[in-house]
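Protein chains in written order, with my numbering: chain E, 2 to 183; chain Z, 2 to 183.
Note that these hints are calculated values from the structure, not bench results. A few of these clues could be false.
Label-pair distances were calculated between CB atoms; the ranges are [unchecked claim]:
id, chain 1, residue 1, chain 2, residue 2, range
1, E, 44, Z, 59, 23 to 33 Å
2, E, 28, Z, 73, 56 to 66 Å
3, Z, 136, E, 59, 39 to 49 Å
4, Z, 170, E, 34, 18 to 28 Å
Output of the computed footprint for chain E on chain Z, the stretches with three or more beta carbons under 8 Å from beta carbons of chain E [to be verified]:
id, segment
5, 28-36
6, 88-98
7, 112-125
In this text the structure is predicted, and so the values were computed from the model without any measurement. Backbone N, C-alpha and C fix where the C-beta goes; we use that ideal spot for every residue, glycine too.
2 protein chains.
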Amino acid sequence: MSGQAPRPGPDEERAAPALPRAPGDGLREVDAEARALARRLLEGARHGALAVLEAGSGHPAASRVALALDADGVPLILTSTLAAHTVALLTEPRCSLLLGEPGAGDPLAHPRLTLFGRACRLERDSPEGRRARALYLQAHPKAALYADFADFAFWRIEPQRASLNGGFGRAWALTAADLAPG
Amino acid sequence: MSGQAPRPGPDEERAAPALPRAPGDGLREVDAEARALARRLLEGARHGALAVLEAGSGHPAASRVALALDADGVPLILTSTLAAHTVALLTEPRCSLLLGEPGAGDPLAHPRLTLFGRACRLERDSPEGRRARALYLQAHPKAALYADFADFAFWRIEPQRASLNGGFGRAWALTAADLAPG
C-alpha cells in the first residue's frame with residue numbers, strides 16, 4: 002500500500018455526489034415525520050447513553066442508563082448515589098441522553114436522538130416519585146430488587162431541546178414540544 | 002432440631018437480596034480479567050457514545066460515533082466540522098467514550114467501558130493521519146465515500162483513564178496502561 006493519501010478515483014468521484022455531505026450539513030424543517038421518528042426512538046428506548054459533567058473535574062462523562070418513560074413521555078432513570086453519574090447530576094443537573102440502537106451495517110446509518118435537558122430528582126414518597134417507580138418497574142421488573150434501597154432514586158430527564166439524526170444527511174433540531182406525545 | 006442456625010424471617014430475606022448493592026459500590030482490584038474485558042470491549046466496538054462539552058453552552062452532549070482502533074489500540078473517529086461534536090472538540094478536547102452494546106434482557110447486566118480522555122485531531126497528510134485513514138476504512142469501508150472531503154478529519158480519542166462496569170456490582174477503575182493491548 003502506498004504511503005500517499007489516495008486521490009478519489011473515477012468511481013468514488015461518481016459516488017460522492019449521491020451521498021449527503023454530512024449529518025450536520027443543513028437541518029431539515031421539523032415536520033410530522035421527524036416528530037414521529039423522535040417519539041419512536043423515545044418510546045422504543047430501554048437504555049441510553051447519559052452524558053454528564055463529572056463532579057470535581059467537569060470532564061464530560063458518558064455512561065449507560067436503563068430507561069423508562071414517565072406518564073408525560075419524559076425519560077426516567079433510576080440511579081444510586083454510589084454511581085458517579087448520580088454524584089455528577091447532584092452537582093450539575095445539565096445532561097444529555099443519546100437514544101436509538103444501531104442495527105446491522107453502518108452504525109451511522111441508523112437513527113438516533115440526543116436529548117439536551119436537566120435531570121430532576123424525584124422524592125420517593127411524592128406522587129411523582131411513586132408514579133415513576135410504578136412506570137419504571139413496569140419496564141424493568143427486576144429493578145424491584147434494588148429500587149427501594151435508600152441510596153437509589155428516580156430522576157426525570159427533562160428535555161429542553163433535542164437533536165435528531167435519521168441517518169446521513171437527515172438531521173433536525175427539535176424543541177421540547179416536538180418531543181411531546183402526539 | 003437443635004443446633005440449627007436461625008433462618009432469616011421474611012423481612013430479613015427481603016432486606017438482603019442476592020443482588021450486589023450497586024454498580025459503583027466498591028471498586029474491584031484491577032486484574033488480568035478486568036484488563037481482558039476492557040480490551041474485548043474496545044476491540045469489539047464498531048460504534049460508541051461520545052460525550053463532549055457543547056461549544057458555547059458547555060452543556061454535556063452525547064452523540065453516536067463510528068469507531069476503529071489505531072495501531073496502538075487507541076480509538077479512532079472520523080468527523081465533519083459540520084457536526085456539533087466536532088465543533089465541541091475543537092473548543093474543548095476533553096471527552097468521554099462509552100463502549101459495549103447491551104444484548105437482550107437487563108441493559109445494566111451487560112459490560113460497558115467508559116473512556117475518559119482527550120481528542121487529538123490528525124493531520125490528513127501526516128503519517129498518523131494516513132495510518133488512521135487506512136485502519137478506519139478497513140473497519141468501515143463505506144466511509145471511503147466521504148473520508149476525503151475537506152471538512153472531515155480523523156481524531157484519536159486518547160484515553161487517560163477508564164471506568165469499566167462488568168454488570169451489577171462488578172466495577173473497576175482502569176488506567177491508560179490497563180487499556181493497552183497485551
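The hints, checked one at a time:
no. : hint                        : in the structure
1   : 44/E with 59/Z: 23 to 33 Å  : holds, 30 Å
2   : 28/E with 73/Z: 56 to 66 Å  : violated, 37 Å
3   : 136/Z with 59/E: 39 to 49 Å : violated, 32 Å
4   : 170/Z with 34/E: 18 to 28 Å : violated, 43 Å
5   : 28-36                       : violated (count 0)
6   : 88-98                       : holds (count 4)
7   : 112-125                     : holds (count 4)
When each numbered hint is compared with the structure, violations occur for hints 2, 3, 4, 5.
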